[in-house]
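*Asks:* Given only the sequences and the hints, what does the whole structure look like? Please build it.
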Amino acid sequence: MAVRTLKIDDRELAVEAGTSILEAAQEAGIPIPRLCHLEGVTPVGACRLCLVEIEGLNKLLPACVTEVGEGMVIHTQTAKLQEYRRMTVELIFAEGNHICAICVANGDCELQDVAIQVGMDHSRFPYQFPDRGIDLSHPLFAIDHNRCILCTRCVRVCDEIEGAHVWDVAQRGPDCYIVSGLNQPWGEVEACTSCGKCVDACPTGAIFKKGSTTGEKHADTAKLEFLSTAREKHQWTR
Amino acid sequence: MDKIRFATVWLAGCSGCHMSFLDLDEFLIDLADLVEVVYSPVACDLKHYPDNVDVCLVEGAVANQDNLDLLYEVRRKTRLLISFGDCAVTANVPALRNRLSESAAGVLDRGYLELADTNPQRPYAPGIVPELMERVTPLHEIVPIDIFMPGCPPSADRIRATLEPLLQGRTPTMAGREMIKFG
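Those protein sequence lines, which keep their order, are chains A and B.
Mind the numbering: the first sequence is residues 1 to 238 in the numbering used here, read in order.
Mind the numbering: the second sequence is residues 1 to 183 in the numbering used here, read in order.
Everything labelled a hint here was simulated from the structure, so no lab data went into it.
Beta carbons: idealized from backbone N, C-alpha and C, even for Gly.
Please note that a few of the clues may not be correct.
Now the in silico label distances, taken between C-beta atoms and shown as ranges [what the hints assert, rightly or not]:
1) B/R110 / A/R124: 31 to 39 Å
2) A/T213 / B/D117: 24 to 32 Å
3) B/D146 / A/D131: 28 to 36 Å
Which chain A residues stay away from chain B? Per the calculated CB distances, all over 10 Å, these [said to hold, decoys possible]:
4) E67
5) G69
6) T78
7) M87
8) D131
9) G187
10) S212
11) A230
Selected chain A positions facing chain B (in silico; Cβ < 8 Å) [stated by the list, open to error]:
12) V15
13) A17
14) G18
15) E95
16) C100
17) A101
18) C103
19) N106
20) Q112
21) I116
22) V118
23) H122
24) Y127
*Replies:* Below is the structure:
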């Protein structure tokens, strides 16, 4: 096994070649904020929260999709990164309609947690109040696009773990939304097995079980990692 | 030493933040020793916001002309202005109507015409019933804010942890789940 030696936040590390910076930091117990990252599915670098500084490079790179390189000197907590992360979280809040007080995920929401982590006490960016829809056509679940941060965890978990590929991303820029089937109501998509993995993958209250009310959603993200480990490594542990 | 001149203001919110303030229980008695309440919907009967206020908690978003006028007056006459609760900080539930393309007319039509059982009519009394703003906004989009205290409502513990340092002349640290969790 080829080994790469590198430095993260002044810690000397030796990790297997091909490891991502995020994984290397995680193994060393160095926390890097993230929202789109989900153990068990392919990383995509969608949320930009895990951006890190690498000495000798003049741009910031997402730790989840950047492989470690020999001799890399990486910083994960510089003042610049902290400021950018807070701006990123503020932009996410300003872009959608995130009303914690009336959300199913209030108290168990990764977006809410990350806002606390980056020290966001308000958004400097004006709220956009986009007019987004809610799809209640599925008998068991619902998707509220107002709470969606386009992390694409649902897209990946449905495609890679369940193998149904019900979800995808439609449109571009601020018009982006998570689309079900061939832009059909979720309840009419025959490919959906109603497995509920997207409910567990969703970091916010965007995808939830019907009938849950404020603060009642508790997503089990570890279940998805368990399924992926069981399948790939034949280890049934959690 | 003169007492700290303290005020609370209620704009477009449900008054839940003020209820949480009353939830301070026995700390209210300590507070009463240290501050003079010069304006507050729950602790004072004055109708006009006075000059030279030291600290003011402002609950609620800006949803109508009265809210806007009062907020400008409060900012002009207050040294330290605290954006108090999620409606003040994010516009929160009162801003749900912002998604409508004509949000002021839309919400009035729905409430006073479409859902009226008898005598449907839009309230119109210039100078008495304040006009709705087209867009409900958080306070800091209109005036500078000194301290943000999110929460729907902020718990009594959070309110106390914000006010206590201020009473001792220090700035509170608004960080961590106990202090800045929304919702």
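*Asks:* Hint by hint, note whether the structure agrees.
*Replies:* Verification of the hints:
no.: 1; hint: B/R110 / A/R124: 31 to 39 Å; result: 32 Å, holds
no.: 2; hint: A/T213 / B/D117: 24 to 32 Å; result: 28 Å, holds
no.: 3; hint: B/D146 / A/D131: 28 to 36 Å; result: 33 Å, holds
no.: 4; hint: E67; result: 34 Å, holds
no.: 5; hint: G69; result: 35 Å, holds
no.: 6; hint: T78; result: 18 Å, holds
no.: 7; hint: M87; result: 16 Å, holds
no.: 8; hint: D131; result: 5 Å, violated
no.: 9; hint: G187; result: 24 Å, holds
no.: 10; hint: S212; result: 15 Å, holds
no.: 11; hint: A230; result: 33 Å, holds
no.: 12; hint: V15; result: 32 Å, violated
no.: 13; hint: A17; result: 38 Å, violated
no.: 14; hint: G18; result: 36 Å, violated
no.: 15; hint: E95; result: 13 Å, violated
no.: 16; hint: C100; result: 3 Å, holds
no.: 17; hint: A101; result: 4 Å, holds
no.: 18; hint: C103; result: 7 Å, holds
no.: 19; hint: N106; result: 4 Å, holds
no.: 20; hint: Q112; result: 6 Å, holds
no.: 21; hint: I116; result: 5 Å, holds
no.: 22; hint: V118; result: 10 Å, violated
no.: 23; hint: H122; result: 4 Å, holds
no.: 24; hint: Y127; result: 6 Å, holds
This entry does not satisfy hints 8, 12, 13, 14, 15 and 22, going by the numbered hints stated previously.
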